[in-house]
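Colleague: Using the supplied hints, reconstruct the complex from the two chains, each of which is provided in its own coordinate frame.
Chains as they are written, first to last, in this note's numbering: chain A, 1 to 96; chain B, 1 to 476.
Mixed in with the good hints, there may be bad ones.
Subject to a maximum C-alpha distance of 20 Å in a straight line, what follows is the list of computed EDC-like cross-link-like pairs (lysine to aspartate or glutamate) [said to hold, decoys possible]:
1) 84/B <-> 86/A
2) 445/B <-> 320/B
3) 298/B <-> 38/A
4) 94/A <-> 320/B
5) 347/B <-> 77/A
6) 347/B <-> 21/A
7) 91/A <-> 331/B
8) 9/A <-> 268/B
9) 332/B <-> 84/A
10) 332/B <-> 86/A
11) 373/B <-> 38/A
12) 87/B <-> 77/A
13) 23/A <-> 342/B
14) 85/A <-> 331/B
15) 347/B <-> 12/A
16) 93/A <-> 320/B
17) 332/B <-> 3/A
18) 93/B <-> 86/A
19) 28/A <-> 407/B
20) 347/B <-> 29/A
21) 41/A <-> 366/B
22) 93/A <-> 335/B
23) 347/B <-> 20/A
24) 347/B <-> 8/A
25) 91/A <-> 335/B
26) 380/B <-> 21/A
27) 108/B <-> 77/A
28) 347/B <-> 24/A
29) 28/A <-> 320/B
30) 93/A <-> 407/B
31) 94/A <-> 348/B
32) 408/B <-> 84/A
33) 408/B <-> 22/A
34) 373/B <-> 42/A
Chain A regions said to be covered by chain B (calculated; three or more residues, Cβ under 8 Å) [stated by the list, open to error]:
35) 6 to 20
36) 23 to 30
37) 34 to 44
38) 60 to 66
39) 74 to 82
40) 85 to 95
Just so you know, these hints were derived from the structure itself, not from any lab.
Even glycine gets a Cβ: it sits at the ideal position worked out from N, Cα and C.
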Amino acid sequence: MIELKNIEKLAELSRIRVSDEEKEVFLKDIGSILGFVDQIKDVAGKADMTMTQSENGLKNIFREDAHPHISGQFTEDLLGCVPEKENGYVKVKKIL
Amino acid sequence: MIDLKNLTISKTHNHLKKGDFSAVELAQSYLEAIKNTDSEIKDYLEIFTDVVKQAEEADKKISEKTGGLLTGIPLAVKDNILIKGRKSSAGSKMLADYVAPYDSTVVKKLKDAGVVFLGRTNMDEFAMGGSTENSAFGPTKNPHDLSRVPGGSSGGSAAAVAEGGALASLGSDTGGSIRQPASFCGVVGLKPTYGTVSRYGLIAMGSSLDQIGPIAKTVSDTEILFNAIKGRDAMDATTIESLDASRLTGSKLTIGIPKDFIYTDGIDESALKNFNESLERFKSAGYEIKNIELPNAKYSLAVYYTIMPAEVSSNMARFDGLRFGLHISGDKLTDDYFLTREAGLGKEVRRRILLGAFVLSSGYYDAYYNKAKFIKNLIKNDYVKAFKNVDIIATPTAPTPAFKIGEKSGNPLEMYLSDMFTTPANLVGIPAISLPSGFKIGETKLPLGIQLMSNFGREDILFKAGKDFLGEMTKI
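Chain B extracted, bound-state conformation (with noise of 0.2 Å):
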């Protein structure tokens, strides 16, 4: 039996070159893995058939010497990012039997890098949601705590690496959806700069906001799938040339602390005292810890709440089951629109689409939706502002650590308080990762997260952090 709990992408990938064990293996100890635990956690929506017949594939190229770091490398994907000829649902009932007709480009880079894809992750409906509770398929849960959620949107995809049911994983994150279930999960999970990553065939949900990155157990595996994905695409215009970000120095990197952003109501104790512990280790690493001031981030969570359900309305606009998905007939073709969408879209996304047409609607879009674009400005001039003194910027990931299966879902506003440290990067555009920092002991252990952001295009800073906070060799 392989040990996977301490595998890395760099050690898998040695040991298959050396031949310690084959693709084949590897992926047959998975999934046996995921057969062990799934039935609990509920990551998956779907183990893919023909895991052991892609796992061939890498074995040839290994055999042959034609493969690369990620060849072999056992990946699970989120049920919003397109694999041609297999269903992607995003949580939904209304995409529950489409067939995707093409690769989205992220999955078509890995392809060629030779992944072997193990299978689909739960999520929230169309990523609406922050614990996995809103997919139409039944929530999954925290492998930390059963009774408790695994954060979300991407839930599945965390839970999936952090009980050892996948060697890492994609997420999609618009406000968080990628950091907030890393921290839940106890994992590490990066939001690349916006525009870094392509989103061709991922399902949208904010264009403005969503960005695809990876989930891992380390810094460096999340680096290594960060750099097989990243890169400028015809098919998304919003992709830039990744800057190539001048290398890091020998100096000491200096980490920003919004103090009054931070020190608000709503934030666990104990995330707080985690979060104080994790500055020491910063410290005693060589980081210069400095106060700061981000005067409008504490209107991040509002505009958020503003100018994405905006952009969700006009994304949710294209499910009107007559090219795709799902499809009920009526009498009139209205009928149509009318009984799909009914019997397609769950509660949050219906909220979310009535929501986002209300603050875009004539008497309210100057007063919402001009008004949070304006402040958006205002937030991203304060991030622009403070990366001139500091390299880095810490807060916790979220507020609280997981919290209770059902104890939020019936209060849409309380769920979205667990966005207000994530969703500043989002709309900034800057990249950010969460970073395992600790538990909060109670009577089960529960796994805490640091953020940290630097500014645009410089995912090196957050890697080079992250290993030295988490004491990953950084190779050279």
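For reference, chain A alone in the conformation it holds in the complex (with noise of 0.2 Å):
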């Protein structure tokens, strides 16, 4: 079952800051979640991936690596939604 240093763990990779008064509350409610969602364990048999993507049908579609757009045509729309930036670049800080 979940524990109370799960959901740190989680928060931590997911970038996400909780308090610790709402850890608890998290703990309570994601428990009670996965305590419904438990009742997936009763039904017999495992995921086997090749015959469920054959049984579906379902394939994978990729775009046609063809006509590429004009360069630069979208740039400025998309760098107008940028909250930082500089000569044309997203700014973003120091990573080392």
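Modeller: Given below as structure tokens:
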């Protein structure tokens, strides 16, 4: 079952800050949701990807690797959404 | 004053063509209607300032006879569907000031058809919720009872149509987000076959489940809008060429009832009674009713609340505060992420991200995510098998009528149970429609809905049955 340390780890990985108080609430909520979801364990059988994919008739679709748009056509519109930018680049803080 | 209450898309089109009123006059009537009700209901997050200008363009098209059925028709759009140059917040502080840099495919199609966009409607944040209470901008109220929710997540879109603040609207449906609010508000809502309508420009929630669809007063209006927005789109690789459904012959349609799935704890007696009365209505309209078995359907909700949060946790990773939306600066880059996501994402969104990350984590992936995908296929097989014997599968749309504001907001699991009948259509990928089927009469009259599902690509069956049920004339 999910524990407080799982919540802390998942929050860290998801880049979400949770207060101590909220951790407890999330632990309780997610615990009860998982308690409900656990009924799927009653169903016999295991996922076999090869079988299910062929059964499904699903296939991967790729866009044709051709007809690129004109370079820079969308640059201005997209940069218009960027909170911090410099000389046509997205500005981010130093990583190292 | 134009009688907005009785207008449908076809009627409006005829009035506009005949010159009974202009698109500008119609748009002004809607703006007036919204002004009178919106302060109470709060179905719109924004009324566009150029509505009259859009209507002028439509009038020009009409006078030049270059318009079509949708020219001048005033629509509302859910706040997670992009319209170029306008705000699109998905009901979140994260995108409160985000201005869409491009048109979604559905909007592009409707713009070309000459539609007038009235505004963007309220929704649960990033479409996560069943009541519109999770909107960062406050809840929408049910036009039938202001103390109750309109459903969700497309609550604003359903309430706008129900209160006469739009002729029709667009919503999105991941686990019932079009059908459940349509049911709560007493209007028609369609979740099309997965892949029929392009999601390019829809802010994603659960990508294997999301579909855009129409909400309207009548089945005919729903059909008109569906035909206007469907079609293969190179910008959404999941779209398929809609099968030109073989035209229905005169033969009798059969409706399958999965009794074991419907008769469960948690279903309101009024919903059950109304459902059985609805079946009688179908019987007297010449439909055959049959009992069917869907042995794995009962796992749908559990499977949905595994697969959906998993997809949510990856889709929400794009909100990093760097490329668009909210940005809160900290000391280091990781601080930027934490601060931005803390300020921008509401509680339900964060809860689903954590839950999704958990079911995808290496120790639990097989037990939860993989297992859920396996059962999803069992459910799909149940439906495929059932459709060999019946044309339609019917259930109530929701287990209860609209609940009180605040009634379920403290208990997420209880809120999720509201989706028990709607999630299978998303997991399987089949189309489903919610039709208004009557009311629960108490202190107020609360709408109830019946849900019809059909096989892949067979929206035509849903439209036919829906028109028969609501007594709409079928146009040949």
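Colleague: Take the hints in turn and mark each one as holding or not.
Modeller: Here's how the hints hold up against the structure:
1. 84/B <-> 86/A: 24 Å, violated
2. 445/B <-> 320/B: 45 Å, violated
3. 298/B <-> 38/A: 13 Å, holds
4. 94/A <-> 320/B: 15 Å, holds
5. 347/B <-> 77/A: Outside the cut-off at roughly 31 Å; violated.
6. 347/B <-> 21/A: This hinted pair holds, its Cα atoms lying about 13 Å apart.
7. 91/A <-> 331/B: 14 Å, holds
8. 9/A <-> 268/B: Cα-Cα ~40 Å, so violated.
9. 332/B <-> 84/A: Given pair residue 332/B, residue 84/A holds - Cα atoms ~15 Å apart, limit 20 Å.
10. 332/B <-> 86/A: 18 Å, holds
11. 373/B <-> 38/A: 14 Å, holds
12. 87/B <-> 77/A: OK: residue 87/B and residue 77/A at ~14 Å, within 20 Å.
13. 23/A <-> 342/B: This hinted pair holds, its Cα atoms lying about 14 Å apart.
14. 85/A <-> 331/B: 17 Å, holds
15. 347/B <-> 12/A: Since the Cα atoms of residue 347/B and residue 12/A sit roughly 16 Å apart, the hinted pair holds (cutoff 20 Å).
16. 93/A <-> 320/B: 13 Å, holds
17. 332/B <-> 3/A: Violated, because 29 Å separates the two Cα atoms, which is more than 20 Å.
18. 93/B <-> 86/A: 25 Å, violated
19. 28/A <-> 407/B: 18 Å, holds
20. 347/B <-> 29/A: 11 Å, holds
21. 41/A <-> 366/B: Within the cut-off at roughly 11 Å; holds.
22. 93/A <-> 335/B: 10 Å, holds
23. 347/B <-> 20/A: 14 Å, holds
24. 347/B <-> 8/A: 15 Å, holds
25. 91/A <-> 335/B: 15 Å, holds
26. 380/B <-> 21/A: 41 Å, violated
27. 108/B <-> 77/A: 17 Å, holds
28. 347/B <-> 24/A: This hinted pair holds, its Cα atoms lying about 13 Å apart.
29. 28/A <-> 320/B: Violated - the C-alpha atoms of residue 320/B and residue 28/A are around 27 Å apart, more than 20 Å.
30. 93/A <-> 407/B: 44 Å, violated
31. 94/A <-> 348/B: 32 Å, violated
32. 408/B <-> 84/A: Distance ~40 Å between residue 408/B and residue 84/A Cα, so the pair is violated.
33. 408/B <-> 22/A: This hinted pair holds, its Cα atoms lying about 18 Å apart.
34. 373/B <-> 42/A: 14 Å, holds
35. 6 to 20: With 10 residues closer than 8 Å to chain B, the region 6 to 20 of chain A meets the three-residue bar; holds.
36. 23 to 30: holds (count 3)
37. 34 to 44: Check passed, 8 qualifying residues.
38. 60 to 66: It holds, with 3 qualifying residues against the three required.
39. 74 to 82: Contact hint for the region 74 to 82 of chain A vs chain B: holds, 6 residues under 8 Å.
40. 85 to 95: Result for this restraint: holds, n = 5.
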